[in-house]
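Use the sequences and the hints to build the structure in full.
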Amino acid sequence: MTTKELDKIRQSKKELIDVRRLVQEQAEKLAPLTGYRKQVLVCGGTGCTSSHSMQVIEHLEKTMKECGIDDVLVVKTGCFGLCALGPIMIVYPEGAFYAQMTPEHAETVVKKHLVKGGEIVKELLYKGTVHEDGSIIPFAETPFYKKQMRIALRNCGVIAAEDIDEAIAAGDYAAIEKVLTTMTPDDVIKEVLDSGLRGRGGAGFPTGRKWMFAKASQGDIKYVCCNADEGDPGAFMDRSVLEGDPHCVLEAMTIAGYAIGAHQGYIYVRAEYPVAVHRLKIAIEQAHKYGLLGKNILGLGFDFDIEIRLGAGAFVCGEETALMTSIEGHRGEPRPRPPFPAVKGLFGKPTILNNVETWANINPIIMKGAKWYSSIGTEKSKGTKVFALGGKITNVGLVEVPMGTTLREIIEEIGGGIPNGKKFKAAQTGGPSGGCIPASLIDTPIDFDNLVAIGSMMGSGGLIVLDEDTCMVDISKFYLEFTADESCGKCNPCRIGTKRLLELLTKITEGKGTDEDLVKIEELAEHMKASSLCALGQSAPNPVLSTLHHFRNEYEEHIHEHKCSAGVCKALLSFSIDREKCIGCGLCARNCPASAITKTDYVAPGHKLPSLTIDPAKCVKCGVCMSNCKFHAVERK
Amino acid sequence: MEHKEACAGCETLGTPEQKAALEKLICESRSTPGCLMHILQEAQGIYGYLPLSVQKEIAKGLGISLSEVYGVVTFYSQFSLKPKGKNRISVCLGTACYVKGSDKILEELEKQLGIKCGECTEDGLFSIDSCRCVGACGLAPVMMIGEEVYGKLKPDMVKGILDSYREASK
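Chains B and U, in that order, are what the protein sequence lines are.
Residue numbering for the first sequence follows the numbering used here, beginning at -14 and increasing consecutively.
Residue numbering for the second sequence follows the numbering used here, beginning at 72 and increasing consecutively.
Calculated from the structure, these hints are not laboratory results.
Wrong hints could be hidden among the right ones.
[Claimed, not checked] Under the rule of at most 25 Å between Cα atoms (straight-line distance), these lysine to aspartate or glutamate pairs were calculated in the DMTMM-like manner:
| no. | chain 1 | residue 1 | chain 2 | residue 2 |
| --- | --- | --- | --- | --- |
| 1 | U | Lys223 | B | Glu89 |
| 2 | U | Lys127 | U | Asp194 |
| 3 | U | Lys175 | B | Glu495 |
[What the hints assert, rightly or not] Sample of chain U residues lacking proximity to chain B, with all beta carbon distances greater than 12 Å (derived):
| no. | residue |
| --- | --- |
| 4 | Leu137 |
| 5 | Asn158 |
| 6 | Thr192 |
Note that the coordinates shown come from a computational prediction; the quantities given were computed from them, not determined experimentally.
Backbone N, C-alpha and C define an ideal beta-carbon position, used for all residues, glycine too.
See below:
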């Protein structure tokens, strides 16, 4: 394909994509030019397909056929971000945002809305898009989307994820065209360097510097790698980019190849992401067919190809040297640095590795320029960051905000606050390598350096919200279980350190801890940070240290009072029945898995049946009695 | 029955079809640099797990030692040395699911099936494993049975879901 042909595709579908990006009135004017009266976008990301969005599509198409509708386009896109309300469906040009769709709902929408002269079915809309007076708010104006700025996710939920023409019309491959026709490799590196882009995978190393080092390395063979081994539990932005806009990653890797002088790329992706792998394979095949990958790209004389390698479930493979060892087909153990991968990486050759979200920022940087990009964000953290909001928050999903947005804006405004009237206790960022931000620091502007300063880290962008029902000792034990399990075992500080830390934490959650244990934890943590081989071991103590710093009182409560206020640490709990409240219905006794509940001979005033009691020796502290009792007679201490 | 087959698998390479598929796989992939992971993933697809006999055959085919193959197999959690159930249950213990109580889902599964995480029921119908984040955090807590995702789970839903699989296998 030539640049002319590329432009032809871009122009042919321009209006089709524009309708999905514009505000309602403009979109309505443009719609007649697209050849379709309406477009229905249905989310085909993992979140929504898990809540059966494919059946919704099937039903849509079937009912449309039955109703004789042939001028409405149904598009299967990537993630819209608001996963908690899936399956999600948007109808353009109106921009009507339907949530929690079922096949039956789809049928209703076709018959009442998609037919000629039809009207929006208000009762099926996401309730955040309907005013009390019944008027409709465009979804871009809802609190969830309004504060967001979508750069990395610009095409997710906008284009058909398996259609390269739509990707081209939405702007993909324009940057590689610009690079190959008007820029030298040094120009490209300078642009990325000036943009201030820092790696979105964890540590935040400046991307342009990485590229500069790799370019400076001597060698005829070099490699470009993409880290799509998103192992941080609770983070799923990389998966969403691969599912929603796989071409932007292929394009960015090709640009990097041109910049450093590499002709081969590898994408290392988790095998647990079947949808992402499938769409990547399709994307690579299409790019080959169009001459956007392979020999002589766009007829401009540059060769670049990409292979997919599947991970096999090892968290440590997110570490760059471990990932490369794994691509080589070995146990994914990290190796000491230096030499850094830019000098000696994959198969011993100079290599650059960036993660998916980092790659997704390259096209806009090339197209709009470093100056534009560096105007967004804070002094040392430029651009935007995607967060995966999870845990105890109303709007679970993916959000992209400028660096420097405060935690309060993310949680209270975009995230819609904590459900069930509970209180915000802390936010966990950075997964097993990060820490917890307490409620007192909720106004901290989030960027790389601020997070490190308060004892956490950006990590890949998982943001788990914890409420008052979460025990901070238990949560750090949870992370240590994770890192102890995932430690590769190559270096002692990590292999033995994580195990010992876990033992100490377990002791505390069982009420057997001492003050001396806290001293031991702090000492051990410092040694691990100083002497572990890779980031996994160096950062493994972070969850403990940050909770110990911000929530020391909880640790002390476990140790001194043998109490877990959040009611999580089983060994410290005891259940009893308030005999004045118990009406003797026996529901708890019937559901008790340990047969620990028996009748007493006491009948409370006003009740007919004798009350019940729990035998502490038999009780397994599962809490089933408490959740079953309708009279709040079961007490937990 | 399952166990007997597993033991037989230590010595043989399964059915003639499985054996042929393995040979073809090794033959096609051996020249690609770093092919071992790919071969193991595909071989596990053929056999359902990676018995020693299969690992030996792969080592022989690639001209590397068995210990190297075994080292890789035991490093990654995706590879299994033991046969799995007909219905592979995978409970997400990622953070988002954990804070929403996925540990209680796992407990309930273990109770209902009378096995521990990592084990397979005697009738070979179910096996339970835990996994780290399937990326469906919006539906937490989540478990997968085969390819099917079950979200927004509560412990009392577990029995009904298991029963539907028991019914289907009759």
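Here is how each hint holds up against the structure:
1. For a cut-off of 25 Å, the pair hint linking U/Lys223 to B/Glu89 stands: about 21 Å separates their Cα positions.
2. The straight-line distance between the Cα atoms of U/Lys127 and U/Asp194 is roughly 28 Å, outside the 25 Å bound, and the hint therefore fails.
3. Annotation: proposed proximity of U/Lys175 to B/Glu495 holds, straight-line Cα distance about 18 Å (limit 25 Å).
4. No beta-carbon of chain B comes within 12 Å of the beta-carbon of U/Leu137; the shortest separation is about 14 Å.
5. Every beta carbon of chain B lies more than 12 Å from that of U/Asn158, the smallest distance being close to 17 Å; the non-interface claim holds.
6. For U/Thr192, the non-interface assignment is confirmed: its Cβ lies about 19 Å from the closest Cβ of chain B, beyond the 12 Å cut-off.
Consistency with the previously given hints fails for number 2 only.
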